[in-house]
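Going down the list, the sequences are from chains U and B. Heads up: the first sequence begins at 1 in the working numbering, then just goes up one per residue. Heads up: the second sequence begins at 262 in the working numbering, then just goes up one per residue.
No lab work stands behind these hints, which were simulated from the structure alone. Since this is a predicted model, take the numbers as computed values, not measurements. Don't take each hint at face value.
[Said to hold, decoys possible] Here are some, though not all, of the chain B residues that point toward chain U, as calculated from beta-carbon distances under 7 Å: (1) 423; (2) 425; (3) 426; (4) 428; (5) 429; (6) 431; (7) 432; (8) 435; (9) 436; (10) 438; (11) 523; (12) 524; (13) 525; (14) 526.
[As the list claims (entries may be wrong)] Take a look, some chain U residues computed to stay more than 12 Å from chain B by CB distance: (15) 63; (16) 66; (17) 93; (18) 181.
No residue lacks a Cβ here, since even glycine has one placed at the ideal position from N, Cα and C.
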Amino acid sequence: MSDILVAKDISKTYFDEVEKDNVVALTGLSLSVRAHEFVSVIGPSGCGKSTFLRIVAGLDRPTSGEILVSGRKVTGPGADRGMVFQEYALLPWKTTEANIEFGPRLKGLAKAERQAITQRFVDLVGLTGFEKKYPHQLSGGMRQRAAVARVLANNPTVLLMDEPFAAVDAMTRQHLQEELTAITAHERTTVLFITHAIEEAVFLSDRVVALSGRPGRIVADLTIDLPRPRKWEAVVRDERFAAYRDQLTQSIHSSGAKAHA
Amino acid sequence: MSTVTSIATRKRRNWHDFVPSEIVPFAVGILLWQALSSADIWPRVLFPSPLEVANAFVADTLSGVLLSNLWVSMKSLLLGFVISCVIAIPLGYLMGLSKITRNFFDPLVNLLQAIPGLAWIPFAILWFGLGQGAVLFIIVMSIFFPVLHNLLTGIRMVQPVLIEAVQTLGAGRAAVVRHVIFPATLPNLMTGIRLGIAFGFRSLVGGEMIASTDGLGYAIFNAQQYFQSARIVVGMLTIGIVWLAMDRLILRPIEVRTTMRWGLIRDGLERS
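Starting from the given sequences, assemble the full structure and let the hints guide the process.
The following block contains the structure:
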């Protein structure tokens, strides 16, 4: 199996300026993600799941351990690990298309090629007709679509997502989740997805990794065997969905005492 | 949306569709002023009427005095503005981006920015003599700090997540500065420039009164020596009008084309 992303024994201790104390966020976390796999990491707030994602992105340094992407050690942020943030993080001074074109432009692609890529991803995420709009003219859901398109247009090795749908309303969230599964299946994207919502993780993923409370340790690593393409209407009626959800819920809740894989 | 409003206004046109909204406050102000001067409470020399001021305005315009004074003042202001920005803007970005530079300049800037530009008048005269050189120095000391201070505030306010987002798209330091820091600091820089010009304008007039032999400030001061109070008002109004024109014709359009279009600032608290 080709592991495209390997996290080896990641630990992170940081100094909390407010608490004036060292906080152990992660201890010895190891995790591998295969090519084209959609992996979600879930856990209670403060378990270090976002810290882990930031370390993978190269935005934070681990205290010990290392991240390998396509066999190369991560030393800082890079275009091979594009990240989608909860707060969209689109550049307000760029239109939808200029935001999506940003990565290809940095890579120095020719204008015609850039435009073709941009239009493809504008269409893919359903923003056709909104190319010239600025982020503040878009709804929350549309902004997050643009943010996803921006990263995908840059053709990353792995797509990192940090609770991307936490800020949108429940109806929009379900739409975005269904769209995301369709898009990542279509593009065969490798995804590392962070969320505290168990059902979201089960719905989206091929595999769900559950972390315990701080410091985060892996307490469950569950392969989700549900047919694709996934639609909420069908998935919630599938008995396995409820079973996965309950199993993960239990793992997290009983994680204080025992850890099992 | 726009069709609906245009149909509505075609049916019922109000008086305020024809008159710019600025006219009303000014008209009220002038009427009040005329009423007060007609009441003859104070002697004319202490309180000239709008008509006298208008006459003085026409006379000073025709003789060319007003225009030549305005020209001198504007030259100083523009030059002072350019000098201030050429130093303050690069220094601001340097301080914002490099901790060593910031730690060195921060205490100095903090101390110096508390000193009003006009407090430099004595040294300005000692160093440059009476004239526009002294005025220029005072203007620079007035514009420099608001521009720098607001720029630094802008750099501090850049959202880290925007920087991180473009880093994960492959942006290096140069691309972060160009695509995130520069545009993100533009609203604050514009505020700094507007404040700076307003401060500079005040210093210009004050500086010319004391440290110069021409310019609008000098003209006001000189008119007072001869009890030509209408000409004082002409000078004062010219200053106000020039400021308004600069703000409307230069500063506002820049703001509308950049920061308002990006949704970073709005005109007021009303929802658009």
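Here is how each hint holds up against the structure:
no., hint, result
1, 423, "holds, 6 Å"
2, 425, "holds, 5 Å"
3, 426, "holds, 4 Å"
4, 428, "holds, 4 Å"
5, 429, "holds, 4 Å"
6, 431, "holds, 3 Å"
7, 432, "holds, 6 Å"
8, 435, "violated, 10 Å"
9, 436, "holds, 6 Å"
10, 438, "violated, 13 Å"
11, 523, "holds, 5 Å"
12, 524, "holds, 3 Å"
13, 525, "holds, 6 Å"
14, 526, "violated, 11 Å"
15, 63, "holds, 20 Å"
16, 66, "holds, 18 Å"
17, 93, "violated, 4 Å"
18, 181, "holds, 22 Å"
Checked against the numbered hints above, the structure breaks hints 8, 10, 14, 17 and satisfies the rest.
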